[in-house]
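Number of protein chains: 2
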Amino acid sequence: MEALKRKIEEEGVVLSDQVLKVDSFLNHQIDPLLMQRIGDEFASRFAKDGITKIVTIESSGIAPAVMTGLKLGVPVVFARKHKSLTLTDNLLTASVYSFTKQTESQIAVSGTHLSDQDHVLIIDDFLANGQAAHGLVSIVKQAGASIAGIGIVIEKSFQPGRDELVKLGYRVESLARIQSLEEGKVSFVQEVHS
Amino acid sequence: MEALKRKIEEEGVVLSDQVLKVDSFLNHQIDPLLMQRIGDEFASRFAKDGITKIVTIESSGIAPAVMTGLKLGVPVVFARKHKSLTLTDNLLTASVYSFTKQTESQIAVSGTHLSDQDHVLIIDDFLANGQAAHGLVSIVKQAGASIAGIGIVIEKSFQPGRDELVKLGYRVESLARIQSLEEGKVSFVQEVHS
Numbered sequence: 003m004e005a006l007k008r009k010i011e012e013e014g015v016v017l018s019d020q021v022l023k024v025d026s027f028l029n030h031q032i033d034p035l036l037m038q039r040i041g042d043e044f045a046s047r048f049a050k051d052g053i054t055k056i057v058t059i060e061s062s063g064i065a066p067a068v069m070t071g072l073k074l075g076v077p078v079v080f081a082r083k084h085k086s087l088t089l090t091d092n093l094l095t096a097s098v099y100s101f102t103k104q105t106e107s108q109i110a111v112s113g114t115h116l117s118d119q120d121h122v123l124i125i126d127d128f129l130a131n132g133q134a135a136h137g138l139v140s141i142v143k144q145a146g147a148s149i150a151g152i153g154i155v156i157e158k159s160f161q162p163g164r165d166e167l168v169k170l171g172y173r174v175e176s177l178a179r180i181q182s183l184e185e186g187k188v189s190f191v192q193e194v195h196s
Numbered sequence: 003m004e005a006l007k008r009k010i011e012e013e014g015v016v017l018s019d020q021v022l023k024v025d026s027f028l029n030h031q032i033d034p035l036l037m038q039r040i041g042d043e044f045a046s047r048f049a050k051d052g053i054t055k056i057v058t059i060e061s062s063g064i065a066p067a068v069m070t071g072l073k074l075g076v077p078v079v080f081a082r083k084h085k086s087l088t089l090t091d092n093l094l095t096a097s098v099y100s101f102t103k104q105t106e107s108q109i110a111v112s113g114t115h116l117s118d119q120d121h122v123l124i125i126d127d128f129l130a131n132g133q134a135a136h137g138l139v140s141i142v143k144q145a146g147a148s149i150a151g152i153g154i155v156i157e158k159s160f161q162p163g164r165d166e167l168v169k170l171g172y173r174v175e176s177l178a179r180i181q182s183l184e185e186g187k188v189s190f191v192q193e194v195h196s
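One line per chain: the protein sequences are D and W, in this order.
Numbering-wise (our numbering), the first sequence opens with residue 3 and increments by one.
Numbering-wise (our numbering), the second sequence opens with residue 3 and increments by one.
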């Protein structure tokens, strides 16, 4: 998605060979118009897949997921990373290991909002080692729902998350695929469009 | 806002005289079309106020704030409740006391995304005791920005948050004002429309 790649080039800050900071339009400040375009793009790629629900994770997945849900006309459920007083019943949970924080944490979705009739599109802001995506996949499967695919705003293709998900048979649609952050520069995977 | 009130009546769960659970469309599952209508309503109420930025707080404020930002054509910044590795520089912080959790926590916004040239609309999902709103007000003022008003999706009018903010001179626009949750029933404040 060219508009996203240009935004990353213009505003992304390469903090290290591993870390790209996009706090000006996705992870802290949000560009609503770009989120709408991202939502339209995900909706277009999954338009014929019979999606009934989008599952994402707080906080940075919410904006792209809601814009996708608006376009597809389906609800969005966001997994919680932190305990909520009113989120208590019928919890589906998964452990997610954070390589950056080096901590294991629980994510949770109420089973009330996912059923075995659902065909789910999982959306997240970043895909790196794939821990959050695997956690969301686990939760969706616990509900007995099926998975149409995984939509990622920014993929760090030099980390193993994508390949592992693809090997497991999941369709991964990433709107910007980063080949490398070396030498302080963002290089994208060259994709051949059919 | 009648569509929101009907949704609360149909899907809200009164957990006690103090707590209303709206996990089916706002706090856990999100109804994107309703969020768009909420965004349109906030945008309409603040259309002539010269808003340059929207400030909200993760996670449930994000969806209504982004829809409002989309309509007004301005960026959204969400305050973080939890430490982020990439959010480090130039932090504006405030302490927020949670009556429900009985804990004090820090919220933070990077000063990079707020300036003394900004005229801010603060948006949040709930207004009860007003602690989160006061925290956001403090952060916006630390940046030297001015505040156009505070947009609230659901106000618990029987708690003191609104009155305190109005006494301090802030304009509070709440789309659904709840008079009482007694006897397991949602009663709205009767408003006279001019």
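Keep in mind that a hint or two might mislead.
Given that identical chains are not distinguished, each listed pair holds provided it fits within a single copy or across any two copies.
[Said to hold, decoys possible] Cut-off 35 angstroms, straight-line C-alpha distance, at most; resulting in silico cross-link-like pairs (DSBU-like, lysine-lysine): (1) LYS50 / LYS9; (2) LYS103 / LYS169; (3) LYS103 / LYS50.
Derived by calculation from the structure, the hints in this document are not laboratory data.
**OP:** Sort out which numbered hints this structure fails and list those numbers smallest first.
**Re:** 3
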